[in-house]
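*Asks:* The listed protein sequences derive, respectively, from chains F and A.
Okay, so the first sequence: first residue is 1 according to the numbering used here, each after it adds one.
Okay, so the second sequence: first residue is 869 according to the numbering used here, each after it adds one.
Simulated from the structure, these hints should not be mistaken for laboratory data.
In this text, all values refer to a predicted model and were calculated from it rather than measured experimentally.
Some hints could be false.
Below 25 Å or equal to it, Euclidean Cα-Cα: the simulated DMTMM-like pairs (lysine to aspartate or glutamate) are [what the hints assert, rightly or not]:
| # | chain 1 | residue 1 | chain 2 | residue 2 |
| --- | --- | --- | --- | --- |
| 1 | F | K72 | A | E920 |
| 2 | F | K56 | A | D897 |
| 3 | F | K609 | F | E634 |
| 4 | F | K56 | A | E956 |
| 5 | F | K81 | A | E920 |
| 6 | A | K921 | F | E79 |
| 7 | A | K921 | F | D38 |
| 8 | F | K24 | A | E931 |
| 9 | F | K715 | F | D257 |
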Amino acid sequence: MDELLNAIGPEGIDKVKKSKIPPKFLETFLQALLSIKDRESLLGDFNEMYVRISNKGGVIRALCWYFFHIFKLIPAYVESKIYWSLIMIKNYLKTAVRNLKNDKVYSVINISGLAIGMACTILILLWVQYELSFDRFHNNAGRIYRVSAHYHDPDDFGRYLPGPLAAYLKEGYPEILDATSYKPMTMKLTVDNRSFFSQGSYVEPSFLKIFSFPLLKGDAETIFLDPYSIVITDELAKKFFGQENPVGKTMTFMGVDVKVTGVIKNIPKNSHLQFDFLVPYEIGFYSMRIWSNNSVFSYVKLAEHADSHAVSQKISDVAKKHRQNCNYDLFLHPLAKIHLYALGGGGQITYVYIFTIMAVFVLLIASINFMNLSTARAEKRFKEIGVKKVLGSSRPQLIKQFLSESILHSFIALFLALFLAALLIPSVNSILNTPLKLNFSLMWICSFIGIALLTGVFSGSYPALYLSGFRPLAVLKGPFGSRSKVRSRATILRKALVVMQFSLSIFFIIGILVITRQMNYIRTINLGYDKDYLVVVKTSGELRKNIQVIKNELLENPSILNATVSMMSLVDWESAVTDRHLSWTGKSGEYSFMMGQNFVDYDFLDTLKLQMAQGRFFSREFLSDPREACVVNEAAVKAMRMDEPLGKKFYINAGTDSERSKTIIGVVKDFNTQSLHKEIRPFWWEFTNSGSYLCLKLQGRSTSASLKFIENKIKEFIPDDPFSYYFLDDKLNSLYQTEQLTRSLTRYITFLAVFISCLGLFGLASFSVERRTKEIGIRKVLGSSSSQVVLLLTKEFTKWVLMANVLAWPAAYFAVNLWLKNFAFKTAISVWIFLLAAGLSLLIALITVSFQSIRAATANPVDSLRYE
Amino acid sequence: MKGLTRKEELIMLSILNLQRDAYLIAITDHLSKITGKRVSLTSVHLPLSRLEKQDLIESEFGEATAIRGGRRKKIYKVTKMGFEELNEYKRITDMLWTNYSMLSVQKE
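The following block holds chain A by itself, in its conformation from the complex (with noise of 0.2 Å):
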């Protein structure tokens, strides 16, 4: 366990809800459209960083377009061992809200 933050947690899920176009951008709407705040640039490129020296995501260039200026993208991808780690928290997460839910049954 690498120790994620919700916000890093919340990010790769989105990398992986985008498949193949996860650049900034991208990724920063999805949240705010999933959450319905406000996601600002920098508090998702920060994250994007850390995660990638972590190797939990890794990057590629991808196309460059007219929009851009013509400057390639930096496209995101959940490496094998990032999917593991998410996979961990959703274990334990979902361990908990199972242990959860069985006491409030048992209380009852």
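This is chain F alone, in the form it adopts within the complex (with noise of 0.2 Å):
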């Protein structure tokens, strides 16, 4: 036995050199992997064996063996550390559904606030990626580019391009593989003595190769072989021939025959082309075939790799070298920009990162409830931290259990935001006029679980560091001593928090208010004349001649106050622009700007309710009128220069062959048929008898039955003649259209916002309140009466809500203003904005704290008061 233990013993320990030591880091790296019980002890083993081996044979097979064990405890390492993280995330959730349990009304503050939170997010961000996904769909949506113009002084942009750009841009520039022009118009079909007017468009064979839109029946090769043909969607289809096959038949358009060739599937909501028939250019008017008319779009498609820049630039001057007096530059606009940006700046994109960031700011209110309650609650929680602590919770442990706590509540949250989200869908979609919906592709699940778990963290990471950092002895000691420290600097983070979340509910409020305010005024702005029930019928070019008769038989109804002719629809003002054609007695030098024309008969300044400024409007006592005058409006008078307009002579297409020279006999007032973003533009009108556009002034009631007389009225000339019509009042609406997408979407937030800086605020209130139950019942043993206690408690919060508004004035003001340079017409910022902001939300945070403050002061101190 001797002679064996000899022969094992440690042997040359004072062989032992420095160099054979095994090297620091791998012990480092070992050290880590070894459970904390047997470190020690094995370290010293695997030192042992390491001297040993190098020793008997070399440092390397000794560093081999040492790698080969290290490698050898990897598994057994990861196995247990997965093992017992299982275990503790097992203990987490069950304290965390426990302490959800306990605490209902804490719980159901939390989980709902973010819940809505999360649903406002969820729907906001469906809605961004509904307004980015547009036009993208496209193959080569890349390479696709609509060719705009930049006119100079005035500096403005423009759409509308000659007809024979794309053409000419396709033949010119090898750059440049297709191009397709594109008007867009709204034509009556016909079908068997069936019609409707539909949203059509004249296009080159070229259109469906640079676009995308496929074709469910037909070939895209042979579509337009043949000019009378016509391409129709699917809906279209639907409606004239039901189920029969389309192709091949025949239906009449602008009074020729043309046969349907192929039928398109349904153009998404998401493309900025909008159309139910496609027919070939070739059949167009020929104003749509000359140089020197801008009525048409002008797509193109780029080669690979071609660089839009330097395409930009080779174009420019197209348009000045085949017309004389042009003002523009060309330059190639992407597809992918059409709906978000506007030509010179803004556009939908401002509402994208508007609302993206409204979403945030949600968000972040209630996660701020979130972090406001756990502190609140901290010291409930106080004991259990201590007692923890005590029993060996390590630091990182008790953040891991909080920030579980967090992500759970946030999870639960999530369903019940998807939940709401889907509730909420149809509605937010029939505001919108959107096709959003719930989407659960694996991007969408990674965002919504990102979501939740970045809200989870981030509302938990506070709490967690906060509560986790208190030392066992300071917990556990009791109300007095160090704690009252940390509870201080608590309270005032906690007031921080609170202040921040009701300045951001006071901007959504101020913001609210003004576009309230705004939207107002533009609906009840002094247009210059009277807009209600006005109705503008449009009909087809058919009944031109008949038109002043179908005008006085309608005026025998007595519902129909007066009526008027036009040869354009008023509210129009892209087709009414010309462009610097114009001259006129006196004109001198350089003045370019736009003007709008419109042909309009007697009737026109009474219907409308009109006045005159100067002179007066055509009358039939002047015989020489329809040939010799015209009228314009105070805005064309200062564009123009004059000082004396009446009598000038005023020229149109002046220098050219059709050049019509008239006389001034009028000045309008200024009257704006335009959106108020814009200020009043110069305008003149002239004379005629016919026109396809009759604008009629109704008596207020029963205006359907009289539009039901005007329709069989129309009917009685034109049997198959679609009743096409529109109301001033709505048209000019529907030019507000993204404010009042702003007003809804804004409305909805601020009331989310609001609603969940409130359910903070009660939550918070709660545990003040219940803090305070033992002075509260000192106090009122001592005398104080329920009102003055009511006083003290409401004070507190008083005084934060006010601070809040100061904080949330300069910032909104300064949104607000941002928001108002989009109009020409604005209301004044006024005080009583903010200040209806501040009483609101100060009526607001008193009444959801009053509801604990009344409890607490009414209830009886001996309650109060008995245990100690």
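Could you fit the two chains together into a complex? Lean on the hints.
*Replies:* So, in structure tokens, the structure goes:
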């Protein structure tokens, strides 16, 4: 036995040299892998073996041996890590669920706040994604551009360009693979005496090669071989032909028969090009084939790797080459930007940004709730934390505990939020006119989980760090001593958070107040004419010669007060634009402005109830009026820099063969048929007896009966004429679609923000009241009245809300000012809006707090003081 | 009876053999010398901690030497319970062997 022992015992201790020690970093690594219990002795054992092997077989072998053993240890290490962390997570979750059940009010406030915030965020994200998806479904979306015009003095941008441009670009520039003109219009389509007005377009055959609108029937190559052909959407096909195959059927379009050669899939809503049918460009009007008329869109597809900027540079002067007096340059506007970015800055993208920020804010408010309530509740949990620490919980473990609690909350909230969002989507879609739907693709699931995780970690991070940082002794010692210091620091932070939350809410309140006020202003502003009960009827061209007859017969109905005929719609500026073909007495030098035109009859002034500033309107008493007279508005007088406009000559198409010379007989007071984003533009009117628009002033009552009467009357003249009309009111309102969208969205978001803030305040008030139960009891015993106690409790919150107001005002003032810059006509931002916001926020806060404070103040002091 | 494996039994016996200086490496070396096969540290360490958990062996810290980088040894001792356990095993094994030899004698 002794023999054995001698052979084995620790040998050659003295022989150990410094170099025979295993490398430090390997040892550190090994140390991390070993469990604490055996760490020291095992490290010693490894050390000894290393020395022994290196003595026997060299350092290299020893190192190999060491490495090998470290690798052997890794699987076991990982296994035990996972095993224990799973056990701990189970424990964390169990504790979290218990805490959740324990304090139901708190959990409900927290989770519902988070859920509402998340639902809001999810909806906004869906909308943002929809907005960003516009026009991206085309295969070559990145290479398609719309040619646009940049006008010089006045600086302006335009989309309408001459018809021959597309063909010229395609011929002359190798970088441009394909180009098409696109001329949208609303036209009557007829099949077997059934007619509908439909939105359609003249396009060149390459249109379907540039854009990827899938054809359901027909072949893209041959579709427009015959100029008298038409491609319709599936929807229109169903409308006209039902279930029958429409290909080969004949439709009547502008009085000629065209054959259906293809059916196109319905145009998705996220396309800026919207049409029901396409017809070949060749059968379009003369005006679409000349350089001197701007009325069509041009789209081009560039070659791969072509530099759009270089091409923009190259084509900038193309229009100038082909016509005199051309005051614009051409450039390329990318397809993907058409919907989002208006030419010259701004556009829908602003709203995308605004609402993304709002979504973040709402989520922030909800997260602040969580932080606030958890820290407030921390005082209740001091003992729990203390005991845990004493029993050996490490700080990371406590942090994990609190984080898993907040993440559990946020995941419960996520499920509620998805449910809520699913409920709300139909109404959101009807407000925004969008086809949003909840989408559970991998990307969305990831982002949902991402939102929940982010909110959970963010809102849990502060409580986790704050609560886990206590020294156990301080926590357990009792209500006095170092704990009160901790408490006061937490209170300051809580106050700051509430103030921040309320600042955001007040910001939203001011926003919605200003938006509502501006929208009301727009609705009620004196436009210079009476827009109520004005109905505009669009008739097909065939009625033109009979239009005065119809008008007179319509006027026999007592509920139709007045009527006028015009060539163009009243609201549409784009179709009435002409540039620099005008001249007048005393014109000198460069003016260059745009002027709108329209042709109207005698009753224009009376029907719209316009006022004359000077002179007179067209009159039946002056036989020369139809030939010689024209009327302008005040803006035109100003633009032409005329002092005495009456009697001055006015030339249209000046310097060309078709020059018309008119005399200005009157000046109409400015009236606004355009969006109030813009100043009133210069206009002139000439006389006509025929036109396709009838503008009728109805009596306020029984508008539907009057409309029926008008429809029947028109049908008497042309039986298959589809009846199409709009109320000027509605048309004007539609100019403010984005503003209305902003208003409704902001209204909801404001409501949510305020609601969530109130939830937080409610929770906080209940905690602060609970903490002061004894104080209140003593105060009451000593003779304080209930109202004094209520005052005491609400005073604190009032202070916070007032502070929040002070913070929110400058930011809101700045933001609101920025928004109002979009309008040429705007309300003043008056002080009372800010005061109203302050009052509202204070009222809301007081109501929220008063529940708690009144309950506390009216409670019997005996109950609160009995136990000590 | 705790249900020892052969390996555990051998390890405990080695600890008894080694008497005072029974730590991981010593036990491993002893085992490989006795059995004539290479025994790895890990294959000894795991049974050791299992036995310790069952209170069949106990451990204390021993000397710290330079060859160990100044770290103490964990020296194992067989507990009273462990010793009884080993004896029980020996009794059973002996009995079985005796039975067998008696049977073979009878056959002859």
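*Asks:* Need the list of violated hint numbers for this structure, in ascending order.
*Replies:* Of the numbered hints, just 4 does not hold.
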